[in-house]
Each structure stands twice: as structure tokens, then as C-alpha cells.
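Q: Here the protein sequences line up with chains W and X, keeping their order.
Per full-length UniProt numbering, the first sequence starts with residue 1, numbered consecutively.
Per full-length UniProt numbering, the second sequence starts with residue 1, numbered consecutively.
Just so you know, not all the hints are guaranteed correct.
Unchecked claim - Sample of chain W residues with no beta-carbon within 12 Å of chain X, all distances over it, derived:
no. : residue
1   : A36
2   : T206
3   : P300
As the list claims (entries may be wrong) - Reference listing, derived: stretches of chain X covered by chain W, where coverage requires no fewer than 3 residues with Cβ under 8 Å from a Cβ of chain W:
no. : stretch
4   : 117 to 126
5   : 232 to 244
Said to hold, decoys possible - Beta-carbon label-pair distances, calculated as ranges:
no. : chain 1 : residue 1 : chain 2 : residue 2 : range
6   : W       : L9        : X       : S160      : 31 to 39 Å
7   : X       : G161      : W       : L9        : 55 to 63 Å
8   : X       : A147      : W       : I22       : 44 to 52 Å
9   : W       : A193      : X       : A147      : 51 to 59 Å
10  : X       : S289      : W       : A193      : 39 to 47 Å
11  : X       : A302      : W       : V215      : 51 to 59 Å
12  : W       : L294      : X       : G21       : 36 to 44 Å
Hint data in this document are derived by calculation from the structure and do not stem from the laboratory.
We put the CB at the ideal spot given by N, CA and C, even for glycine.
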Amino acid sequence: MIKFILKRLGLALLVALTVSAISFSLLFMSGDPAAAIAGETASGEDIEAIRRIYGFDRPVLVQYWEWLLGALQGNFGESYYFKLPVADLIAERLSITMTLGVCGITFALVTAVPLGVAAAMRPNSLIDRAALLLSVMGQAMPSFWFGLILIVIFSIQLGLLPPSGSSTPIHFIMPTIVLGYYAMPAIMRLTRAGMLEVLSSDYIRTARAKGASEVRVMFRHALRNAIIPVVSLAAVQMGFMLGGSIVVESIFALHGAGYLAWESIGRNDLPTVQALILVFSGFYIVFTFLADVLNAWLDPRMRTA
Amino acid sequence: MTETRDPILSVRNLTLDIPVGGGTLHAVRGIDFDLARGETLCIVGESGSGKSLTSLAIMGLLAPRIERRADRLEFDGVDLLKAGPRKMRSLRGNRMSMIFQEPMTSLNPAYTIGDQLTEALLLHRNVGKKAARDRAVELLEKVGITAAASRLGQFPHQLSGGLRQRVMIAMALMCEPELIIADEPTTALDVTIQAQILRLLVDLQREMNVAMILITHDLGVVARVADKVAVMYAGELVETGPAGAVFGQPTHPYTRGLLRCIPVPGKTERGAELGTIPGIVPSLVGDVSGCPFRTRCEEAVAACRGAIPLRHRSDDAHAFRCVHETGMATAEVSA
Ligand SMILES: Nc1ncnc2c1ncn2[C@@H]1O[C@H](COP(=O)(O)OP(=O)(O)O)[C@@H](O)[C@H]1O
Ligand SMILES: [Mg+2]
Numbered sequence: 001m002i003k004f005i006l007k008r009l010g011l012a013l014l015v016a017l018t019v020s021a022i023s024f025s026l027l028f029m030s031g032d033p034a035a036a037i038a039g040e041t042a043s044g045e046d047i048e049a050i051r052r053i054y055g056f057d058r059p060v061l062v063q064y065w066e067w068l069l070g071a072l073q074g075n076f077g078e079s080y081y082f083k084l085p086v087a088d089l090i091a092e093r094l095s096i097t098m099t100l101g102v103c104g105i106t107f108a109l110v111t112a113v114p115l116g117v118a119a120a121m122r123p124n125s126l127i128d129r130a131a132l133l134l135s136v137m138g139q140a141m142p143s144f145w146f147g148l149i150l151i152v153i154f155s156i157q158l159g160l161l162p163p164s165g166s167s168t169p170i171h172f173i174m175p176t177i178v179l180g181y182y183a184m185p186a187i188m189r190l191t192r193a194g195m196l197e198v199l200s201s202d203y204i205r206t207a208r209a210k211g212a213s214e215v216r217v218m219f220r221h222a223l224r225n226a227i228i229p230v231v232s233l234a235a236v237q238m239g240f241m242l243g244g245s246i247v248v249e250s251i252f253a254l255h256g257a258g259y260l261a262w263e264s265i266g267r268n269d270l271p272t273v274q275a276l277i278l279v280f281s282g283f284y285i286v287f288t289f290l291a292d293v294l295n296a297w298l299d300p301r302m303r304t305a
Numbered sequence: 001m002t003e004t005r006d007p008i009l010s011v012r013n014l015t016l017d018i019p020v021g022g023g024t025l026h027a028v029r030g031i032d033f034d035l036a037r038g039e040t041l042c043i044v045g046e047s048g049s050g051k052s053l054t055s056l057a058i059m060g061l062l063a064p065r066i067e068r069r070a071d072r073l074e075f076d077g078v079d080l081l082k083a084g085p086r087k088m089r090s091l092r093g094n095r096m097s098m099i100f101q102e103p104m105t106s107l108n109p110a111y112t113i114g115d116q117l118t119e120a121l122l123l124h125r126n127v128g129k130k131a132a133r134d135r136a137v138e139l140l141e142k143v144g145i146t147a148a149a150s151r152l153g154q155f156p157h158q159l160s161g162g163l164r165q166r167v168m169i170a171m172a173l174m175c176e177p178e179l180i181i182a183d184e185p186t187t188a189l190d191v192t193i194q195a196q197i198l199r200l201l202v203d204l205q206r207e208m209n210v211a212m213i214l215i216t217h218d219l220g221v222v223a224r225v226a227d228k229v230a231v232m233y234a235g236e237l238v239e240t241g242p243a244g245a246v247f248g249q250p251t252h253p254y255t256r257g258l259l260r261c262i263p264v265p266g267k268t269e270r271g272a273e274l275g276t277i278p279g280i281v282p283s284l285v286g287d288v289s290g291c292p293f294r295t296r297c298e299e300a301v302a303a304c305r306g307a308i309p310l311r312h313r314s315d316d317a318h319a320f321r322c323v324h325e326t327g328m329a330t331a332e333v334s335a
């Protein structure tokens, strides 16, 4: 198990390094960074001066090395737009995004897994059909539209929930539902399909032949095996929520990291974009790693992989 | 079939119907047998004849959509037809247990051998974890697994098929059951270890004096271990009786056909084709009447479409279902 974890950790670091190289090279792929900073009206000399000030004239590898060293110490340079350290900028926004992500995935899991299990226990029953309807709706409704509907109902008509902002936990209720509902259908269907497959397997019959109760069969013997692919999916979804909650953050005016990324791309604020890419992919890598470890704990066959 | 005195298991007119696309599949139709304590009943018959369904019906493990009916289905005086889920759970894995055909998939991949071995004991007996593990080690040793204690921490995927089936056998014995149903326990294994596993099972069965239903294709094994034999064909028991009687005087045309299929050492030429019975099994969907074997039977006559009487040979316990008094049309003519 320890060996497995170390192996996965090494792999994760390798991926992180690759991602850092790619996100660093963004700086050069999107055109001349000096010209971008100088603005459209700048003269050729201005651009040259900026090139020297920012060190763009040095060898690329040296620049990458310095940037990487800085990034490891939490120093991502200064935002072209805010003229503030990128790290401070992101740290402030990240807590909102993380809160939203954790709430969103928790909401999705807490609704999708029991619903998937219930649906699998009685295929084609009323609850199975209801779950299917719910998941089709979740898949079909765009987040922005669902978000607006919630705002119209709960904020404008009923006046129960605040439509925007992030100052209290109450503010996170609607964004959590919208974000979580987006992830729910896939988790629900994977749980249902996994449970159906596992329930028809020989070892479930063995468990019943030992005299295990239905509850024990469902949760100890079946769910434990059915949940394995769900863990991987949830990890990917979690990574996605942390990086991709841009839509939800904009609807509810939650100024999180996703929103910052969106704005920074528009402003050509490359250090911020670079840092955000690194942070978002860092989340992906961390969650994939955690999912691997969790999966290895759940499925002993993977420990030798 | 005559009554066995004080049977541990008594089955009368067991019928299993499965709703399928085109109607009802009459998979098992009116089978009867008794099993005494410590006795071994071998059920033989080609695949699809309903052997597994019969064993699952006794264990109460049939899929809910399969309809089970019987005039009697009693285990040690307990009416299994009336037993609720709770009652059945208290019997399964405790007083009756089952060994399945597929050792590779019959163990839960997520739990250790130790967890799975001790589960039944912890469910049914008031014992602690430590005592349960001791018992597990004891049984692993009994089924011939070396370094038993260290196996408890291993996972199924770390064991070979043969070892897994030994674990399954140990698992079935954890609570000292009174009845074991072994459904083709060696079919999925390498030929070289089939004999070992079967011998082990039979030795343990004798040592622990457990009643056993052994389902197997291996007629050589049946000849050696069975007290009773039941020959199943297309959902019916076409011939039942003490092993000696059935092997000594096979009467039903199907039984005779089956026994002709065994290669005899010395007599059967090397490379000679194994005797097979030509023809196909009839569909059991919809109305099924008459003798199901008549389409393949050399002795078939018009009467085989009608009701088939249950007949007895000299030994009263030896019964068969055939329109012919001796299972042979020719014998009747000469008589
Ligand atoms: N769950 C099921 N649904 C439909 N048909 C089934 C089911 N289980 C078994 N059968 C059918 O019932 C018959 C007997 O099956 P089975 O008891 O498994 O045979 P055996 O164990 O003798 O090979 C077969 O024709 C099989 O196709
Ligand atoms: Mg079978």
C-alpha cells in the first residue's frame, strides 16, 4: 500500500511538472508578452524597455526555472492588471471557490449515491423512474438557466434566499444546489449501473447464502464494490468544480477563482492566468491522487498496480 | 419414492416457473426426493436441466420473479415454504450452506479471506472476533491450506482457483451445517485439481456427518461417493434411487444413455468418441406434457406423449418415470 502511494505520488509530481511547463509556455504562445503589457499604443522602444524590465529577453529555460522556483514558494509574480501579487489575489478568491466546490460535490454525492442505490434496488420502480427524470433534467438544464430560475423563485418571488454575494453561509445555498445538481446525474447513473452490475454478481449470492441481511448485502457487499468508479468520477468532478464553476460564480456574483480566471483572460493578465491554471490543475492532480489512494483502499486488486 | 426415515430434507412436487418473454418457462416440474442426515445425494444431468435452480430453491435464493411451488419443502421439520426472510437467513450459512460453481467470482474482491470466512460465524453465533478467526484458521487447515493464519489477511485475487474453492468449502463449514449443497464445485477448476477438491469435500462430509447434495457431471465421482443418485432431465427427475441400484440396473433410457457416455478403462478404445445422446432438449416454455426425453429416446412410442407413470424396480427406493415397465420397449414385446 505504501509502495502504491509513493508510486502514485511520483506520477502526480511528474504530471504537475508537465502542467507547469505548459502553463508557463502560455506566456509565449499567446504572442509577445512585452507587447501585451505595453498596450496597443506603445512604441517599439517602450516594448523593448518592458521586455528588459520583465526579463523576457533572457533564455526561456532560465525564465521557466525562476518562475517555477517562485511558484513553489507561492510567488507567482505580479498581476499586470491589479499590480498586486498574484498569490494574494488568488488566495483571497480561492476560499470562496473551495467552499463552493466542497459544498457542491457533497450535495451531489449525498443526493446521487442514495438515489442510485435505491434505483438499483428496484429497477423500473417509481423511485427508479423519478431518479431517471431528475437526472435527465439535471443533464438537460444549463446551469445558468437553472440558477436564474432559482433566483426568480427563491429570491424574487419568495424572498427567502439572497440572490448574490458570498458574505454568509446562506448565500451559498443556491450556488451549491446549481453546481451540485450539475454533477449529480452522472454520479447517480454510475452508482445505479454499478450497483446493478454488482448485485448480479456471484459474490453477492455468496453473501446471501451466508445469511447476510439485505441491508448488509446492499451496503457492505455491494456498495463497497459499486462505489469504486464513482470515487474516480467524483474526484474529476470536484476538480472540475474548483476550476470550472465560472458560470455559477458569475450568476450568483460569487467572486471566486473561476470568476477571476474569466476576468483575467479577458484582460490578458497572463501571470494571473498562468497561476490559476497551475492551481486548477494542481487541484485535479491532488484529487486524482486522492481518488487513487481511496480506490486502492476500496479495491485491493488495485494496490499492486 | 419411498419415505426416508427422519429426513433432514424432504422435497415433494417441487415446481419452478420462470416468466420469460414468450410465456412461462417450466424449468423444474414436480420433483421429489428425501435426504437423511449424513447422506450424499448426487444429482446428475446435462446443463440446463434445472440442477442449480433446484439447489437455489432449497436455499431460498431464487430470483424474486421465479415462482416456487411444492407440496412439501421441509428442512429438519422447518417448512421452508412458509419460512419468512428472517427465518431463511437464520438457516442459510448456519444450518444449510452452499458451495458454488465459480470460485473465481464467488468471493467478494473487496474483503480479506479472513473477513469472509468469519462472516457467517459472526452473523449466526455469539462469538468474538478472536474465536471466529481461530475457527477460520482451524478450517483452512482442514481444507488443506498451508500457512493458514497468514492467509486470513490475503485477498481473493491473490489465490488460485483451487485455493479459492478450498476457501469456499471452509466457508461453508464454518457453522457446522447439517446440509451442504455443492453445485458443480469443481467444474470451473483445472482437471488436475478437480479430483483433489472433490475428495476433500467428500472426506469432510463423512468426517462431519453432514448431509450433502452434490451436483456433478462426473459419473465416476458419483459412482464412488453417492448414497443416492437422482438423474435430472429437462426439469424432471427421471430416475432416482440408491447409487448401487441406479448404477447396477440403470432403467430409464436417459440414464442408460448417460452411463454409456462414461469411458471405461481398458474397454474404451483410446481416441474413441465419447458416447453422446443425439437430439436436442425440448423447449420448456408453455405447455409441457408427456415425457421430455421422448424426442431423443430410442424406445419412444406414441404413449410417451401422455401421462408418464412413476414406476419402481425391485428395490422399492429405485424409481423411474417411463411408459415402459422396464424402461425398454423391446423387453415388453418379448415378455
Ligand atoms: N434467472 C433465470 N431466468 C430465466 N431462465 C433461467 C434462469 N435461471 C435458470 N434459467 C433456465 O432454467 C433452466 C435450468 O437452469 P439451471 O438450473 O441453471 O440448470 P443446470 O444447473 O442444471 O445447468 C435453464 O434452461 C436455464 O436457462
Ligand atoms: Mg448449474
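Q: Find the hints from earlier in the document that the structure breaks and name them by number, from lowest to highest.
A: Those not satisfied are hints 2, 3, 5, 7 and 9.
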